[in-house]
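Starting from the structure of chain P, add chain U where the hints point.
Chains P and U are the protein sequences, given in the same order. With our numbering as the guide, the letters of the first sequence map in order to residues 1 to 155. With our numbering as the guide, the letters of the second sequence map in order to residues 156 to 463.
Wrong hints could be hidden among the right ones.
Estimated spans, in silico, between C-beta atoms of each pair [what the hints assert, rightly or not]:
#1 P:Asn96 - U:Glu414: 34 to 40 Å
#2 P:Arg109 - U:Arg322: 28 to 34 Å
#3 U:Gly158 - P:Ala55: 48 to 54 Å
#4 U:Lys306 - P:Thr7: 45 to 51 Å
Rather than coming from a laboratory, the hints here were simulated on the basis of the structure. Quick reminder that beta carbons are idealized off the backbone N, C-alpha and C, glycines included.
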Amino acid sequence: MSGMRSTQLDDVAARLDAIIASPDATLTADAAALADELLALGATILEVWLSARGATPTTRSFEGFRLLALQRQGARGDASFNACRETCRELVYHRNLVSLDPGHAETARRLRLGAMVARHLALFIGGKLEVAGLGEFCCSSRSLRQGEATPAQIA
Amino acid sequence: MSGKYQKVAYYPGCALEGTGHAYNRSTKELGKALGLEITELDNWNCCGAMEVKNVDPKLQTYLSARNLSIAQDMGFDTVMAPCNGCYHNLKKAEYDLANDTGSREVNSRLSAKAGHNTYEAGKVTTIHALDWIKDAIGEEGLRARVKNSLKGLKVANYYGCMYTRPRHIFPEKDKGPSSESTLKPHFMDDLLAAAGAENVEYPLKTACCGGAHTLSDSDTSTKLVLNLLTTAEACGADVIATECPTCHTGLEMHQMRAEKVFGRKTTVKILYFTQLLGMALGLSARKVGVHENLSESAAFLRARGLGR
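Looking at chain P on its own, in the form it has when it is part of the complex (with noise of 0.2 Å):
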């Protein structure tokens, strides 16, 4: 993993885990803007993937929100990558609960899970930078060798 893309997700990681940490009465003091700056760590993170792989990160929006339409960037001709998608999902989804009622008594907590949900992003593209030439590791990942293999070469 390249130098600065390191320092990036670091520094995602290292605010991500001092929210995580944060008393109740620091996390509801401005909750509507934490939850938004979680959703932006997410994006950064995205951003970090899609221009390790030389895209351009969109600045568009699927179903509302500018962090969906990076995860289907990313995904685009690499199904593994939606192995985030469902994260991506639950992150907006925890921003949407504190945003729509941000004196809810579960806020702190709402938070506080956001942010872990957007530190197992962060993990996850971490671990798939690490992998020398942005290869292959997830589970459900394609073929390395898809093109290579013949039919010949099997029968």
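Using the frame of chain P, we list chain U on its own:
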């Protein structure tokens, strides 16, 4: 109870003969306790797993298709595969044989060479162990049979990444409330709730466990698992219920490794859903193979009056 799946062919796959033996044992015992008949496929072979798939996906399709061919020869139209990897690969073979001419050609040629019948798509349906219990017994049927309720047990249900992905190989899912959801699976939640468990909202139920990293990049796997475990604890779970031997073993191994390498101790227990359901039906912890798990949960279960 629908009457479906009372007799099915059983494809345990390699993991259930090794590290996932507790899953094999508990699946068989659960079936017995529920009066369901399972017959192991004769002379079954590897489904192709990740290793063969990464060398040649058509060869993997053939290997899975051979198992389906055996089921057909034995007179079954349904194969139950408890392992997510096997389930995924058998479903993928079904899809490829129905939609890809090249896969059909390779399957025909290799089947002829190996001297067995060529499997044709659509003759056998592959189901997961969750489908099996859900459709053969259902929540009402389970509730009526519970002898030792899981009441008070807070469970995070973890399905892993292969049970619902890719969506196109699971045409039976996302068909409404009674079908399984690929976005938010719930069959395990439904069954354990019927047995009395209290399911917690767990936002990482289909997230990656880092299974494929386990040997090549252990630290990444450990960090992914540690996040699954700490999130489950933050959700209030006492137990993570699993339905895949690779995920289960990964969670257990990396729970230990997280403590050794990173000094991060977590206490959430890791049990197969078949073990939990078996104990709810009154089976002993030994009968459902709790002693075969890598992690220790016997004392925890004893304290809650389960598995005696």
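Each hint tested on the structure:
1. Between Asn96 of chain P and Glu414 of chain U the Cβ separation comes to about 35 Å, which falls inside the hinted range of 34 to 40 Å.
2. Hint check: Arg109 of chain P to Arg322 of chain U, Cβ distance near 31 Å, so the stated range 28 to 34 Å holds.
3. The hinted range of 48 to 54 Å is satisfied by Gly158 of chain U and Ala55 of chain P, whose Cβ atoms lie roughly 51 Å apart.
4. Look at Lys306 of chain U against Thr7 of chain P: about 49 Å separates their beta carbons, and that is inside 45 to 51 Å.
Consistency note: the structure conflicts with none of the earlier hints.
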